[in-house]
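Student: Residue-level listing of the chains:
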Amino acid sequence: MDSTERAGPHSMGRHQRESTRKALRKALPDLARSGQLLLSDEELAVYECDGLAAYRQAPIAVALPATTQQVQSVVIACGQLAVPIVPWGAGTGLSGGALAVADGLVLSLARMNRILHIDYDHRCVTVEPGVTNLAVTHAVAGEGYYYAPDPSSQIACTVGGNVAENSGGVHCLKYGTTTNNLLGLQLVLSDGEIVELGGPALERSGFDLLALFTGSEGLLGIITQATLRILRTPESSQAMMAAFDSVEAAGGAVASVIGSGIVPAGMEIMDRLSIEAVEDFIGCGYPRGVAALLLVEIDGPSSEVAAQIEAVEQCLRDAGATQLTHATTTEARQKLWAGRKAAFPAMGRVSPDYYCMDGTIPRGQLSAVLGRIEELSQIFGLQVANVFHAGDGNLHPLVLYDGNKSGDLEKAEELGAEILKLCVAVGGVLSGEHGIGVEKRDLMPCMFTDDDLDLQEEIRDTFDPDHLLNPGKVYPQLRLCAEGRTHVHGGQRPFPELDRF
Amino acid sequence: MEASARSPNWTASEVANQILRPQDASQLAGFVKEAAQKQTVLTTRAGNSKWDLGCRGSKQPTEQVISLDALSGIVSYEPGELVLVVGAGTPLRQIEQLLSDEGQHLAFEPVHWRDTATAGGTVAVGLAGPRRFRAGGVRDFVLGLQFVDGQGRLVRTGGRVVKNVTGFDLWRGLTGSFGSLGLITEICFKLWPRPQTQRTLLLARQDLETARRVMLELAQRPEDLTGIAFAPHRGVSLRLEGSDRGLQPQIDAIARDVDVEEELPQIESANFWSQLREVEALRQSSGRVWRFVLPAGHWVALVHDLQAAQVDDYFVDWGGGLVWALAPPEQTLDGHRIAERHGAIAWRVATSPDDPNELGMPSLEPGLKRLNQRLRTACDPGGILNPGRSGL
Ligand SMILES: Cc1cc2nc3c(=O)[nH]c(=O)nc-3n(C[C@H](O)[C@H](O)[C@H](O)COP(=O)(O)OP(=O)(O)OC[C@H]3O[C@@H](n4cnc5c(N)ncnc54)[C@H](O)[C@@H]3O)c2cc1C
Chain A
1 MDSTERAGPH SMGRHQREST RKALRKALPD LARSGQLLLS DEELAVYECD GLAAYRQAPI
61 AVALPATTQQ VQSVVIACGQ LAVPIVPWGA GTGLSGGALA VADGLVLSLA RMNRILHIDY
121 DHRCVTVEPG VTNLAVTHAV AGEGYYYAPD PSSQIACTVG GNVAENSGGV HCLKYGTTTN
181 NLLGLQLVLS DGEIVELGGP ALERSGFDLL ALFTGSEGLL GIITQATLRI LRTPESSQAM
241 MAAFDSVEAA GGAVASVIGS GIVPAGMEIM DRLSIEAVED FIGCGYPRGV AALLLVEIDG
301 PSSEVAAQIE AVEQCLRDAG ATQLTHATTT EARQKLWAGR KAAFPAMGRV SPDYYCMDGT
361 IPRGQLSAVL GRIEELSQIF GLQVANVFHA GDGNLHPLVL YDGNKSGDLE KAEELGAEIL
421 KLCVAVGGVL SGEHGIGVEK RDLMPCMFTD DDLDLQEEIR DTFDPDHLLN PGKVYPQLRL
481 CAEGRTHVHG GQRPFPELDR F
Chain B
1 MEASARSPNW TASEVANQIL RPQDASQLAG FVKEAAQKQT VLTTRAGNSK WDLGCRGSKQ
61 PTEQVISLDA LSGIVSYEPG ELVLVVGAGT PLRQIEQLLS DEGQHLAFEP VHWRDTATAG
121 GTVAVGLAGP RRFRAGGVRD FVLGLQFVDG QGRLVRTGGR VVKNVTGFDL WRGLTGSFGS
181 LGLITEICFK LWPRPQTQRT LLLARQDLET ARRVMLELAQ RPEDLTGIAF APHRGVSLRL
241 EGSDRGLQPQ IDAIARDVDV EEELPQIESA NFWSQLREVE ALRQSSGRVW RFVLPAGHWV
301 ALVHDLQAAQ VDDYFVDWGG GLVWALAPPE QTLDGHRIAE RHGAIAWRVA TSPDDPNELG
361 MPSLEPGLKR LNQRLRTACD PGGILNPGRS GL
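Sequence lines, in order, name chains A and B. Just so we're aligned: 11 in the numbering used here is position 11 of the first sequence, and the numbers increase by one with no gaps anywhere. Just so we're aligned: 326 in the numbering used here is position 326 of the second sequence, and the numbers increase by one with no gaps anywhere.
Bear in mind the hints are in silico, worked out from the structure with no lab data behind them. Just so it is clear, the structure is predicted and the values come from calculations on it, not from any experiment. Glycine included, every Cβ here is placed at the ideal spot set by N, Cα and C. Take the hints with a grain of salt, since some may be wrong.
As the list claims (entries may be wrong) - On the chain A side, residues computed to face chain B include the following (Cβ under 8 Å): (1) A58; (2) H117; (3) D121; (4) G184; (5) G198; (6) I262; (7) D452.
To be verified - Reference listing, derived: stretches of chain B covered by chain A, where coverage requires no fewer than 3 residues with Cβ under 8 Å from a Cβ of chain A: (8) 27-38; (9) 131-141; (10) 163-174; (11) 277-289; (12) 385-392.
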């Protein structure tokens, strides 16, 4: 695989790189003087990849602005020099969204990390984009508040990255993703204009541009401030863990909980491979030898939680739970979640490398999809562990491979692509929360028609006609749904009985 | 093509005009494509229940009216997925009946305004009810849309699942756009279980400033408060929703901290909030209705300005974040100017189908206006879809 080629068609010779660096230094003297413009190869190596480490490309420069005005001057300078800009938060993204382009500059927002304003009356916090997700909750926890979207990477990932990816977490079904918890943004557009959208009022005039910019993966503007909605910490939170003989049975339990009219704060399923790996890794007390675990968390007013937890327990028993564990104290609850949150790192011990997929499916398709993933896993000869945000249908199959083995990465990627196409074929989507980035851009035509994609790209063109911001991401270079790679068995496509769209 | 039946809310000239009534999305796409070529301006409607919202502007010489009411029907409903897909012309009443049978609902509390409201109009106008401050608005419960853009392309955006970051969130951008970014043909809604029961607590009357403080404090409480409103003749009212068992302890906890004068049982409670949601009292009086959306803590200051302009009939919803006011018929209120002073946005409701309501929507500051126009240009390069209706 040639990863530099994936980052974009551009690449320039050593001489040209040096002259662009010189021009940048000249155009941004203040940043250069104060050490906010990195130009040496050693310093740039840190920015060679984001959380999707299989793709690597060092930028030509990194800018570390500390104010919106500095962001603006970087954008204007890059515009004049035709140097593409890749915004960078903490680099934890899992779709190569922050992957540098060969002749481009990485614009890191890490130094803009102040919490600017906390307004309890309007239950919102205004922060700079480099503030980490967890720091928002920490800033308001003393007053009994928290910020709901909680990606597992929350200690490290930034609010800017969260907004750019519309990140979720384990509480999305009840509390939504970033877009549902965002009230305002300040942005620097590709022409250097600074704009403010939204604020403490619940609605704004004009079109809902706030929604359009959220999840736009750095293509429409650089986020320089965000106003986030905070919520009151629930009076009570309780969790329950249930073991099942099959993942299907666990999926059935999820459907029956939702069917009973309860919306849990979180519902997560882990399969056998993940459970064993987690137990080996941190030993958090998960039962061994079971096929699936379902974690359910209920929160709200104490009286309501008490009523709901009884109903949930009944649903789980009826659905065939073989073991039930209640976590009523905060410590016990955190211990249950610790295992789930350690699922990714635990895989790192089972296998030299893993590739995390992120499709969303209608919940009712769970057992069909898992069955097919199992088949694909055998065809490709790679193990797949499954952790699943079961409440909202967001599936995270982890494809285990060994990057040192020639051909393994390619196989993993191909298997991953098959899984995502499967998600789309059953009525789901390519990405639930990790974004399209470079990783999935060429799969976009599997989900969208040419007209769909044309309109999206035309919108992008009106905001960034020269594709200065994060070029080569999200939208495919070639509009083919890579169907040639679908593995056909006995002349059948997967799920021939299902409509494709 | 088929001329539609006469509707009481249409002006004589509209009825005289032929009204196009596409039978499906691709026929609609054909009409729009043709209109784009001929630069015919298109005005759309379905149930026409919100004809009095948004700007109307003066009539364009080439205007063509399209009714989307035939794009009606339930495409799919899977209660276990909490997802409903409907044609844009599907009557809201039909949807609510269907969902209620399964113990589910649209949690943003769609505003009917008139009996004929449809799903598409609900999304295009984007009006949400009392639960807005807690549960979210229309935009938060739309998972995907199919629509026809200004070039006549039939486009899909979003999907049928809650978590989806595949491509730009255009479906949210179209919500509340008054049909001026695209003509919605199909909608996928996220559903929510309907709370088993509800109660309303009416608090003892207080002065405005105390009421404002109390409302802000209530909004920060841990109970499931899904309505916090104020009216000058009635004081503060609260709605709690939940299970039969879960509700009473919450009511008791609130009653320990505030002075509850009366408790409305389930049916009365539901009626109370539906009247509020539909702005019934103000809309039935003669005069000019205004709507203000603002930061919740600012409503008293706004009300003082309204009172100074002899506007005394108003009520407050969304925990303070929404004010509806009625200016007497003889009064020409500049609601936009008042709104600006309090970080609010104002809508003016038209008084008759012939009222162009040119001041219906707020004007945007130049930077923001340019940004909005860029989006509009991308979606509708010829500017033929409901031009001016959204105020842009
Ligand atoms: C172990 C692990 C667990 C994870 N768990 C979750 C999870 O549970 N849920 C989830 O949703 N994600 C998860 N992620 C993915 C990732 O953490 C999120 O996508 C996160 O929001 C990225 O934030 P970041 O600051 O690291 O952004 P980066 O990775 O630096 O950037 C992500 C994208 O945002 C753009 N960007 C960054 N900052 C800005 C800005 N200020 N303005 C404009 N564009 C910007 C970048 O160009 C890039 O396209 C996980 C990742 C890891 C490594």
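Student: Does each hint fit the structure? Answer for all of them.
Tutor: Status of each hint after checking the structure:
no.	hint	in the structure
1	A58	violated (27 Å)
2	H117	violated (13 Å)
3	D121	holds (5 Å)
4	G184	violated (11 Å)
5	G198	violated (11 Å)
6	I262	holds (7 Å)
7	D452	holds (5 Å)
8	27-38	violated (count 0)
9	131-141	holds (count 6)
10	163-174	holds (count 10)
11	277-289	violated (count 0)
12	385-392	holds (count 3)
Going through the hint list in order, the structure does not satisfy hints 1, 2, 4, 5, 8, 11.
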